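This is what each chain is made of:
4 protein chains.
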Amino acid sequence: MSEITKRRLRLGMVGGGEGAFIGEVHRFAARLDDHYELVAGALSSQHDKAERSAKALGIARSYVDFEAMAQQESEREDGIEVVSIVTPNHLHAPVAMAFLQRDIHVICDKPLTATLAEAKALSQVAEASQAQFLLTHNYSAYPMVREARAMVKEGKLGNIRSIQVEYAQDWLTHSLEQTGNKQAVWRSDPAQAGLAGCVGDIGSHAYQLACFVANTQAKEVLADLSSWVDGRLLDDEANILLRFENGAKGHLWASQVAPGNENALTLRVYGDQAGIEWHQETPNELIYSVLGEPSQRLRRGNGYLSDAAASVSRIPSGHPEGYLEAFANLYCEFAEQLLTATTNPHLPTLATGLHGMRFITASVYSSQNNGLWVPIGH
Amino acid sequence: MSEITKRRLRLGMVGGGEGAFIGEVHRFAARLDDHYELVAGALSSQHDKAERSAKALGIARSYVDFEAMAQQESEREDGIEVVSIVTPNHLHAPVAMAFLQRDIHVICDKPLTATLAEAKALSQVAEASQAQFLLTHNYSAYPMVREARAMVKEGKLGNIRSIQVEYAQDWLTHSLEQTGNKQAVWRSDPAQAGLAGCVGDIGSHAYQLACFVANTQAKEVLADLSSWVDGRLLDDEANILLRFENGAKGHLWASQVAPGNENALTLRVYGDQAGIEWHQETPNELIYSVLGEPSQRLRRGNGYLSDAAASVSRIPSGHPEGYLEAFANLYCEFAEQLLTATTNPHLPTLATGLHGMRFITASVYSSQNNGLWVPIGH
Amino acid sequence: MSEITKRRLRLGMVGGGEGAFIGEVHRFAARLDDHYELVAGALSSQHDKAERSAKALGIARSYVDFEAMAQQESEREDGIEVVSIVTPNHLHAPVAMAFLQRDIHVICDKPLTATLAEAKALSQVAEASQAQFLLTHNYSAYPMVREARAMVKEGKLGNIRSIQVEYAQDWLTHSLEQTGNKQAVWRSDPAQAGLAGCVGDIGSHAYQLACFVANTQAKEVLADLSSWVDGRLLDDEANILLRFENGAKGHLWASQVAPGNENALTLRVYGDQAGIEWHQETPNELIYSVLGEPSQRLRRGNGYLSDAAASVSRIPSGHPEGYLEAFANLYCEFAEQLLTATTNPHLPTLATGLHGMRFITASVYSSQNNGLWVPIGH
Amino acid sequence: MSEITKRRLRLGMVGGGEGAFIGEVHRFAARLDDHYELVAGALSSQHDKAERSAKALGIARSYVDFEAMAQQESEREDGIEVVSIVTPNHLHAPVAMAFLQRDIHVICDKPLTATLAEAKALSQVAEASQAQFLLTHNYSAYPMVREARAMVKEGKLGNIRSIQVEYAQDWLTHSLEQTGNKQAVWRSDPAQAGLAGCVGDIGSHAYQLACFVANTQAKEVLADLSSWVDGRLLDDEANILLRFENGAKGHLWASQVAPGNENALTLRVYGDQAGIEWHQETPNELIYSVLGEPSQRLRRGNGYLSDAAASVSRIPSGHPEGYLEAFANLYCEFAEQLLTATTNPHLPTLATGLHGMRFITASVYSSQNNGLWVPIGH
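Chains as they are written, first to last, in our numbering: chain A, 1 to 378; chain B, 1 to 378; chain C, 1 to 378; chain D, 1 to 378.
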């Protein structure tokens, strides 16, 4: 991490109360590099739970209503400068708007919103705001993912032809939502998750990762979505064919019903000179294969890597960095951007999220029409 | 290998002269378990080359013309009982017909023929023959593939939902055919290879493997084929969506232009209870993951495996068996079938090959029509 | 991490100024779970550097002299409660004594001291102190290491027979100390590192890990130490035979001159019923092999693991946790121990460190005598 | 395999009747490349079993007594030219002598003999014979092992400093010999196996592999042998420290009681410039790590390998070759040596075996004396 002025940004959080998964991840991420101080939160819309959660975390100012929080924090001299939104998808847009309209910077979990219409509306609000927006596509902040992106940009793969990306899990193989599991309930509820299930939850990550590394985006998609579990309203698996703007083709497989897969996000990119391969579950390695030469195992923390990887790496090679470190990289770089008034081209923005919603929407539409090639649009 | 009467079958070979790859593989396979004696061959259509090849191999009777060979061998008392066909695809049908019409058993490399029409014609000839037919889909004869198939049949995966199969190579990344490389020349020539390139050459293997293990076949396919190299007339990469008769869905990726991949055939099958994963390049292992339990690494040669695996395994666990051993399993089982008048349900037949040609044909048609779901047909 | 009262412990640090590696690691570890607040430091014995380092970190009270720091902090009402010692080895003893004598808790990096004599003296001081002592053998705090230990204790391996442990690096293959590299300079200087080089620096970790998991300790060792690099005064590689109190035998290999190894700490333990295998560079997995059954791949974050692993795990399976998280586990558990007045049996103590010094001393002695079996002693 | 005159050598076999493991391996190996014809055998010392075994294998001439076989075969014009000895260790010497004295070439399994005295006596007989001798240290014939040896010779690792070699199995974890298992019975019987158990059976392989690749041999050893199973007379595990003639040091671990290990022979060699790593269970790969560069994964069958690997490789990269192919390489090269009157420097000879017996003997002696450094001698 590059050196930045030692001042902690005042941070708030919406969502992320007791029992939440991603809220805790954001808090670890905010804390690791010491650039934020969590001072306010609307951790739950239930009063007691919000209070209890705030107290357990030692957060000074607890709110129940995010609108009230945005209003009051914007009026305090020591009010929050940044808010992290870690609610279910359907609240991303209204919460983000509330803070952006008051020029409070937003860190928002993905997907951007529940629907494309919301995403467009949010986009307009953001344009009118002085505040900045970070979408936490955390996988794109792993050092070896950054290295991969740099390699593609430098032409080390030649012209990109083929992209295979996949994100497989197994936790929704059975009807976990019917057991009351909080994570499963909202993700399988169209009112909270939006128009897509698996495609929105993890397909969007896989798609962003592929675009981020290959330095392109899809121009059209053809999807076959499935919903394997009885009574499940949203998709839990997707096979999506991709055609990219740079001429490459590819396939995206996302599944939450594939037994034996925990969080198996894998990206492979092939050009006419070389190929690369990266696995999120062993993130400190990147396999690089030049045609006709032995495959090379590039590993985080080594002197032969580019600045792109080195700048988001904390400890020496062989000491594994993981998911929290990658997540923290986004927080760290966003703090740096805010404090130094620079722009970091690697950070996922609201535009990234808007494009992601177009991808999700086109995929759902394609599948509903038995597999048409559907343009993603602009 | 189970004990069989010690008599060597008299074997002939068509194709496989100097410089051939797959002909040599067939000879290794025929020799390993000592059930065949190679006594005649039409190893090349060029007289000198045929003679030279036969002499180098110590083959007694050398022919130039496969018709003459079929005729004369069928008339000898000590004539061949079985012929191996290891020519380019377009010769499979005429050669096979010549021998089947004379009731000589046929071992034929894949794909069955160059076109579906040829496959149908060959099928009719075979029906009228007393002879038997083996198609060398060798990957289905690896012990751990047999184990996988047995596990699916026993219901150890539950209901099959998802199949991901891929076969990636890199040897055609550049225009090898223009350098005169014999293997590349005929595979990229429609007159010799038939209607498909990569899909026919390796996609057909991947598809057969998936069907063999999951104990089903596709009812419709949707394909996006590519031909990446300038001047190449046939496809060198394919992304194919699959819908299977048992309700499962899947994806098949075949590529001969993916740098870093040698012969990377990988199969993953997921049911509602468990998943399995197998890689051809580490064939002695099968990963088996029951939902909620630690993944298990099943390995060839262990007492906990089924007869399905044990019966095609030669040496103790930890002593790796490879490609030649799997190939030899087909030869061994075919010999056993011929000598004992039993039927081995695991052996790929002419019907397997005919279905494979339907798959290839439907994939090409789908891609030519920008990705339609095309029924495979019967 | 189990729930603890939300109060941050006031933390100080000795060593860890600009350019230090392990000091930064300790700070990450202290911050991650929010149980400490770093408020004072003697980060360097050079005044300017100490000041600059403290400022960059936002540390309120900066000292140059650790004695002065111990004295003054012990007199403040808001003085530090805990100090982290991250100096070269030869300062561990005097610094720790200074704080222990004032009943300030100590977190100290390994090895305990530079010599066994110092370790004994420190031990006496500690006995007379009210304060507690944590030795940061961080590898023993990985969730899957805890699982391994629990499995051994439950008898899942049967009687332990054989232990193979190794810790290989390559960063000292050439004479890095002659280039002025700070980490290399003090580690290869007997005045700062103590009586051993590689054995003290990483051999001590490997040995502690083996004892921790196998729930035993060596009763005698036989060592062959090497110093491969011209002019290097301390060992940079060690092969050590081990005989344990529980009757097991084993081997420890530590090397800092093995090209291709970054931080390759690997432990294998075999009993008469099962074996386990763990690699620090892929720490989220533990291979468990019951004789005659398929190997199992136990992975962090799954429901089938014991509390021992679950209690030191933060995020769901498939989201890799790494080195910093494991290090932070020690800080977190030590905070919990201090705040709740409980004793965590998994935490490495001063006694652990004293035994470690006996191991180092016996190994050096054995090697100096061309490989005698040397008792470790008590 | 290079081209050789097409004439099959007449082969005999002593040992290897029904139920034998290694005899069958030798037959596969002899058959694969078609350079041998098995025409005579003394497959068992029991008449019925010998007859039955010979018949099942289609062997023309069956003997019960190896002396009679040697005598009669040497007198026939069409008598065997080569004999394979696949008996328990104690018969290696007398059988080999019987054939060598009649100038019949010998292929003999390892270890050379049951005792060093026998080895010396055999050595003298061999010197007086016109016949040649091959010791089947098959692991040294894997293509990637040959590559490793070539790399060391070319100086690609720099000066060799450290060698770690291990060979772990688990099949003797319990007292298999008491169940009547044929393989276990003779290997744990000093009268048949000789002075060592595990060290002789697999330690000898590991040691030969290390010496073969590193192009050196040990000058002294220090061993700690164990016999873990009640009633077992010979060692079943060994930790052996090594000092080599070229100045390198190392460690050899051999175990037959390590649950989870099938045939885990692993070699790692480190020089002052680079390191290599090879695993017998994934034999088509060799990891090569130059200090400061990404590790490379060298794989069999690629154009970037040396002739040393290419000349013992049959099929393209990605098509795994295994144990039988490596074993067959020895048979193939020996045939070539016999037929062309050349000398292949890679083939293990009687001198290799004699040195191996010195290693075994020194290891046993060292352990019996509680770990002395014992010179291996010449």
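Since the hints were derived computationally from the structure, they do not count as laboratory data. Among the hints, a few may not be true.
[As the list claims (entries may be wrong)] Calculated cross-link-like contacts (lysine-lysine; reagent style DSSO-like; alpha-carbon spacing at most 27 Å): (1) Lys182/A - Lys6/C; (2) Lys219/B - Lys153/B; (3) Lys182/B - Lys6/D; (4) Lys49/B - Lys182/D; (5) Lys120/D - Lys6/B; (6) Lys6/B - Lys182/D; (7) Lys219/A - Lys156/A; (8) Lys6/A - Lys182/C; (9) Lys6/B - Lys153/D; (10) Lys219/A - Lys49/A; (11) Lys6/B - Lys6/D; (12) Lys6/A - Lys6/C; (13) Lys49/A - Lys6/C; (14) Lys55/B - Lys182/B; (15) Lys219/A - Lys120/A; (16) Lys120/C - Lys219/C; (17) Lys219/D - Lys120/D; (18) Lys156/D - Lys219/D; (19) Lys55/A - Lys6/C; (20) Lys55/B - Lys6/D; (21) Lys6/A - Lys219/C; (22) Lys49/C - Lys6/A.
Quick caveat, the model's predicted, so the values are computed rather than measured.
Review point. Looking back at the numbered hints, which does the structure fail to meet, lowest number first?
Key: When the structure is compared with the hints, numbers 4, 5, 9, 10 and 21 turn out to be violated.
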